[in-house]
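Participant: The task is simple: from the sequences and hints, build the whole structure.
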Amino acid sequence: MANKFFLQAKSIAELLWYEERKTCLLCGKQASTSLCQDCRQLYFRPEQRRCLSCGKLIEGEADRCQDCRDGNGPKFLSKVTALGHYEGAWKQCIHNIKYKGQPYLLIGLAEYLTSWAVKQLPPPDSIVPVPLHPNRLAQRGFNQAEVLASVLAGCLGIKLKDILCRVKDTTPQSALGRQERLVNLRCAFSLKPGIQIKEEVIWLVDDVVTTAATIGECAAVLKESGAQEVFAFCLGAGRESPNNPDTASIL
Amino acid sequence: MLFYILRDKDGGIYASPFPSLDKLCNGAEAYVYPGLPLQLLNIFRSNEQGLLSESQIIEKLAVSLRKNECLLTEKLRWLKLSVFSPHDEDCLRLARKEELLTKLLTIVQGRQVTENEFSSLAKVLEISVTELAILLHLAVIKGYGEWVPGLSRRNNSWRCERCGNEDCYQIWPSYYGNTATCLSCKSIGPLNSLQVIYRSHEETLKREKEKKAGSTTFTSSEQDWQFTPAQCSAAADLQLFARDPLAKEALVWAACGAGKTEITFPVIGQYLEHSQSVLYAAPRLDVVHDIQPRLQKFFNPCKVKVMSGLSPPDWTACPLTVATTHQVLKFSRAFDLIILDEMDAYPYAGNQVLEYGLKQALKRTGKTIYLSATPSASILAKVGRQECFLTRLPARFHGYPLPVPEFLKIKAPKISEGRIPGSRSLLAIGDYLRELLFEGQLFVFVPTVSLVNIWVQALSLLFKDKKITGSWSSDPDRKRKVASFTSGNSDVIVCTSILERGITVHKAQAVVLYADHALYDVRALVQMAGRVGRTAACPQGRVLFIAGKQTKEITAAIKWIEEQNELATQGGFLRGQ
Numbered sequence: 001m002a003n004k005f006f007l008q009a010k011s012i013a014e015l016l017w018y019e020e021r022k023t024c025l026l027c028g029k030q031a032s033t034s035l036c037q038d039c040r041q042l043y044f045r046p047e048q049r050r051c052l053s054c055g056k057l058i059e060g061e062a063d064r065c066q067d068c069r070d071g072n073g074p075k076f077l078s079k080v081t082a083l084g085h086y087e088g089a090w091k092q093c094i095h096n097i098k099y100k101g102q103p104y105l106l107i108g109l110a111e112y113l114t115s116w117a118v119k120q121l122p123p124p125d126s127i128v129p130v131p132l133h134p135n136r137l138a139q140r141g142f143n144q145a146e147v148l149a150s151v152l153a154g155c156l157g158i159k160l161k162d163i164l165c166r167v168k169d170t171t172p173q174s175a176l177g178r179q180e181r182l183v184n185l186r187c188a189f190s191l192k193p194g195i196q197i198k199e200e201v202i203w204l205v206d207d208v209v210t211t212a213a214t215i216g217e218c219a220a221v222l223k224e225s226g227a228q229e230v231f232a233f234c235l236g237a238g239r240e241s242p243n244n245p246d247t248a249s250i251l
Numbered sequence: 001m002l003f004y005i006l007r008d009k010d011g012g013i014y015a016s017p018f019p020s021l022d023k024l025c026n027g028a029e030a031y032v033y034p035g036l037p038l039q040l041l042n043i044f045r046s047n048e049q050g051l052l053s054e055s056q057i058i059e060k061l062a063v064s065l066r067k068n069e070c071l072l073t074e075k076l077r078w079l080k081l082s083v084f085s086p087h088d089e090d091c092l093r094l095a096r097k098e099e100l101l102t103k104l105l106t107i108v109q110g111r112q113v114t115e116n117e118f119s120s121l122a123k124v125l126e127i128s129v130t131e132l133a134i135l136l137h138l139a140v141i142k143g144y145g146e147w148v149p150g151l152s153r154r155n156n157s158w159r160c161e162r163c164g165n166e167d168c169y170q171i172w173p174s175y176y177g178n179t180a181t182c183l184s185c186k187s188i189g190p191l192n193s194l195q196v197i198y199r200s201h202e203e204t205l206k207r208e209k210e211k212k213a214g215s216t217t218f219t220s221s222e223q224d225w226q227f228t229p230a231q232c233s234a235a236a237d238l239q240l241f242a243r244d245p246l247a248k249e250a251l252v253w254a255a256c257g258a259g260k261t262e263i264t265f266p267v268i269g270q271y272l273e274h275s276q277s278v279l280y281a282a283p284r285l286d287v288v289h290d291i292q293p294r295l296q297k298f299f300n301p302c303k304v305k306v307m308s309g310l311s312p313p314d315w316t317a318c319p320l321t322v323a324t325t326h327q328v329l330k331f332s333r334a335f336d337l338i339i340l341d342e343m344d345a346y347p348y349a350g351n352q353v354l355e356y357g358l359k360q361a362l363k364r365t366g367k368t369i370y371l372s373a374t375p376s377a378s379i380l381a382k383v384g385r386q387e388c389f390l391t392r393l394p395a396r397f398h399g400y401p402l403p404v405p406e407f408l409k410i411k412a413p414k415i416s417e418g419r420i421p422g423s424r425s426l427l428a429i430g431d432y433l434r435e436l437l438f439e440g441q442l443f444v445f446v447p448t449v450s451l452v453n454i455w456v457q458a459l460s461l462l463f464k465d466k467k468i469t470g471s472w473s474s475d476p477d478r479k480r481k482v483a484s485f486t487s488g489n490s491d492v493i494v495c496t497s498i499l500e501r502g503i504t505v506h507k508a509q510a511v512v513l514y515a516d517h518a519l520y521d522v523r524a525l526v527q528m529a530g531r532v533g534r535t536a537a538c539p540q541g542r543v544l545f546i547a548g549k550q551t552k553e554i555t556a557a558i559k560w561i562e563e564q565n566e567l568a569t570q571g572g573f574l575r576g577q
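Chains as they are written, first to last, in the working numbering: chain A, 1 to 251; chain B, 1 to 577.
Worth double-checking, as some hints may not be accurate.
As the list claims (entries may be wrong) - Below are the DSS-like pairs computed for lysine-lysine, each with C-alpha atoms no more than 25 Å apart in a straight line: (1) A:Lys-168 x A:Lys-98; (2) B:Lys-75 x A:Lys-29; (3) B:Lys-186 x A:Lys-192; (4) A:Lys-91 x B:Lys-123.
Just so you know, the hints here were simulated from the structure itself, not pulled from any lab data.
Facilitator: Set out below in structure tokens:
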């Protein structure tokens with residue numbers, strides 16, 4: 001007891017004497033914010049365009065990547081935006097959040113998530129997370145998309161609606177190739193019974209977008225149920241190589 | 001990983017991740033569905049287990065889940081194990097693979113394997129993560145280990161089962177209600193209360209050892225130690241300590257730069273000869289990477305494993321491991337001998353979690369040897385109570401006494417607008433520093449980061465023909481500056497305590513400015529003085545403690561060094577005696 005009291009007193013004294021040392025979540029170097037300037041530039045690339053259909057980071061003047069221009073992108077989404085390029089330390093951070101049980105790391109990223117989302121997407125009526133199948137939710141203990149959606153909803157004061165459900169326990173998308181991913185999720189999602197979303201503008205939220213098959217399927221369900229427009233936000237996306245537009249190979 | 005409640009033949013309640021395996025091995029008949037994290041299932045007291053009916057078990061679980069704000073909607077129920085279960089075939093196939101289990105047991109001996117490490121271990125064994133989990137559970141059923149939750153609930157707080165931390169954790173809401181992640185041992189891989197640890201039993205090791213009996217990997221007679229008389233005497237003391245069945249801890253109190261690492265080699269050899277496991281731990285990463293090749297050279301062909309934040313996961317079973325004190329948290333009752341170098345250095349000193357890790361890694365019958373040039377008051381008190389054996393190594397390998405610091409009473413020069421204007425005290429300090437610069441390169445220690453650049457500027461004005469540099473712990477250019485100083489490209493390095501340890505510079509002299517500063521304790525002052533006279537080519541030098549007043553710490557530091565020299569003289573360890 002006395003020891004605990006001493007430790008508490010010590011930590012208060014430390015607060016008074018020492019400036020709190022923050023380190024960048026991605027590179028571990030000392031920084032005044034949760035991500036340092038170098039990492040933000042390296043992974044978020046704010047100046048680079050995103051494909052309007054699938055969120056992929058693209059070069060040049062086109063609005064969409066080659067795949068989406070060829071008609072292979074999702075059909076029901078008005079715009080998709082990704083906060084950063086899914087590679088290196090940013091990819092590792094998303095893995096830590098998703099697979100290593102650290103969803104609370106998203107709280108430290110709140111200011112970057114919200115400012116990017118607000119800049120890129122029009123104001124929504126509600127924010128909807130991509131659901132996990134109950135079996136996977138039971139194994140993992142949390143749905144990273146739901147945590148991400150709750151961070152956005154909490155910071156921006158927008159309603160969070162957990163209205164989609166996953167009715168098929170599919171093979172994880174990360175284990176499949178491009179063509180398999182596109183078929184894997186057919187009819188995997190549905191709207192929960194008794195839910196009304198008529199004329200609503202919705203932000204659909206997921207952790208990573210690669211082929212956009214998951215968010216595409218979810219958007220289809222939302223649009224069929226009467227949503228006016230569906231926009232998507234995610235933490236990371238692939239990048240279209242100027243020489244090799246087929247990003248499936250990059251990922 | 002999810003666990004299911006089962007009952008054994010005596011009515012005892014236990015949890016298993018693969019009830020099918022329990023059906024095969026123990027004849028279990030039913031289990032509670034759905035599965036839950038192990039941490040939520042540890043609610044049954046041993047004295048009530050036989051008395052609870054099946055429905056009471058369900059009721060007790062449901063109450064506990066509600067209390068934890070668990071969002072589980074599925075109804076808890078007993079299911080028969082007689083019907084086909086999803087893992088039946090896998091379990092049956094793996095239960096027959098004795099060789100694979102033996103290989104796994106050798107690898108996980110004395111280890112605490114967390115769920116996040118499963119994938120790297122599975123890769124080594126060339127099996128899937130599920131297959132690995134089944135094999136680990138088979139090991140648990142056979143009594144080689146146990147499952148423990150990553151963190152357990154203790155009344156209103158949490159306790160990390162890997163590092164013992166009870167104060168520093170992040171709580172977050174999950175599908176299973178309040179969940180905690182340990183922040184103390186996060187650097188060796190995150191761990192939360194939904195995850196589990198496979199912890200190997202000490203008894204397992206004994207059994208495995210019996211099988212191995214007679215197979216030695218090392219014989220010390222091959223070695224030629226080439227020790228100085230002082231080292232010979234300390235090494236002999238350590239060997240006596242190793243043979244004493246009642247002695248548990250020993251402290252080697254050595255002079256800075258006396259070659260304390262090497263004197264542990266004969267004891268290490270003694271343990272390796274008897275197929276016993278040894279850990280050489282150090283708080284600092286660079287010490288670990290510096291010592292591993294030295295140990296490897298001495299103990300060839302026995303492989304010396306290195307574990308640090310920089311090394312990739314290595315699952316090979318080795319009798320001799322070198323690890324940072326953080327990596328030690330990955331072990332449980334694994335070592336017969338632990339040698340802890342620089343026990344008074346950051347981050348080990350005063351860190352209860354790392355102290356716990358070291359105790360946890362030591363077998364109950366194991367011994368610990370602490371190495372230090374500046375032992376803490378608590379270990380010296382243990383020596384005083386005769387709970388810890390003490391051996392001194394007072395002389396440096398070159399046989400010259402330690403340079404005794406000179407105290408100079410000079411008031412610290414005033415600082416205005418981030419610089420030191422010319423003053424009498426600055427000029428006086430400058431005169432002394434000039435004298436030292438005739439002898440060689442110069443360490444100038446200052447207590448705070450903000451003083452580094454101020455003094456670099458002031459000294460650059462005083463010594464225009466000298467190259468002066470400065471560094472501190474978070475200086476991004478630290479490595480380059482230190483390398484430039486050690487290679488002789490700069491004449492003076494102004495630094496904080498970062499260079500007080502582990503650096504040897506030929507012909508170096510040292511000055512401690514503001515030596516009366518509250519941050520400088522005896523140990524820091526002794527370590528800083530220890531930078532001088534470390535090489536055989538230049539075994540002497542000067543150390544100046546400059547301050548406005550002579551504090552107790554300054555007096556004690558000078559006394560410590562004089563005492564070491566006196567002991568060296570008494571032992572006849574100094575040159576020319």
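Participant: Each hint needs a verdict: does it hold in this structure or not?
Facilitator: How the hints compare with the structure:
1. A:Lys-168 x A:Lys-98: holds, 20 Å
2. B:Lys-75 x A:Lys-29: Measuring from Cα to Cα gives roughly 48 Å; hence the hint is violated.
3. B:Lys-186 x A:Lys-192: violated, 38 Å
4. A:Lys-91 x B:Lys-123: holds, 21 Å
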